Amino acid sequence: NKILSVIFNYVKGEYDQQMLNKLRDDIAGKFDGCALDDPPAVDQNDWIMNCDAQDLVYPHLDLAITIL
1 NKILSVIFNY VKGEYDQQML NKLRDDIAGK FDGCALDDPP AVDQNDWIMN CDAQDLVYPH
61 LDLAITIL
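Numbering (the numbering used here), first residue to last: 1 to 68.
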C-alpha cells in the first residue's frame, strides 16, 4: 500500500524528496478532485468517490506534504 509505505518510511526517519514527490504527485492526486475542482467533483482517478469522505482525508495529506 502506497500510503502505508510512506508512513512507515517517515516513522523510521527515512524520508526524502522522493517520498515527498510520491506523496504529493502520486497519492494526493488520488484524493484531490473535490478539494481542487470548482465546483467540487470527484476525478476519474480518485480513490475515494465521495466528496464528503475526501474532505476528511485530503486535509491530512495536504498537512503531511506541508510538514515534509
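Wrong hints could be hidden among the right ones.
Label pairs and their in silico Cβ distance ranges [said to hold, decoys possible]:
no.: 1; residue 1: Gln44; residue 2: Ile3; range: 17 to 23 angstroms
no.: 2; residue 1: Tyr10; residue 2: Pro39; range: 31 to 37 angstroms
no.: 3; residue 1: Pro39; residue 2: Val11; range: 35 to 41 angstroms
no.: 4; residue 1: Asn50; residue 2: Val11; range: 27 to 33 angstroms
no.: 5; residue 1: Phe8; residue 2: Met49; range: 25 to 31 angstroms
no.: 6; residue 1: Trp47; residue 2: Leu68; range: 18 to 24 angstroms
no.: 7; residue 1: Asp37; residue 2: Phe8; range: 15 to 21 angstroms
no.: 8; residue 1: Pro40; residue 2: Ile7; range: 23 to 29 angstroms
no.: 9; residue 1: Phe8; residue 2: Ala41; range: 29 to 35 angstroms
What the hints contain is simulated information worked out from the structure, not anything from laboratory work.
Treat the numbers as computed from the prediction; the structure is a model and nothing was measured.
Don't be surprised by glycine CBs; every beta carbon is placed ideally from N, CA and C.
To see whether the hints hold, each was checked on the structure:
Take glutamine 44 and isoleucine 3: their Cβ atoms lie about 20 angstroms apart, and the range 17 to 23 angstroms holds. Checking the proposed 31 to 37 angstroms range against tyrosine 10 and proline 39 shows it holds: the Cβ atoms sit about 34 angstroms from each other. For proline 39 paired with valine 11, a C-beta distance near 37 angstroms keeps the hint of 35 to 41 angstroms intact. Between asparagine 50 and valine 11, the C-beta spacing of about 29 angstroms keeps the proposed range 27 to 33 angstroms intact.
Distance hint for phenylalanine 8 and methionine 49: a CB-CB separation of about 26 angstroms, consistent with the stated range 25 to 31 angstroms. Between tryptophan 47 and leucine 68 the CB atoms are about 20 angstroms apart, so this pair conforms to the stated range of 18 to 24 angstroms. Roughly 31 angstroms separates the CB atoms of aspartate 37 and phenylalanine 8, a value that falls outside the hinted 15 to 21 angstroms. Distance hint check for proline 40 and isoleucine 7: the Cβ-Cβ separation is about 27 angstroms, which falls inside the suggested range of 23 to 29 angstroms.
Checked against the hint of 29 to 35 angstroms, the pair phenylalanine 8 and alanine 41 passes, with Cβ atoms roughly 32 angstroms apart.
Checked against the numbered hints above, the structure violates only hint 7.
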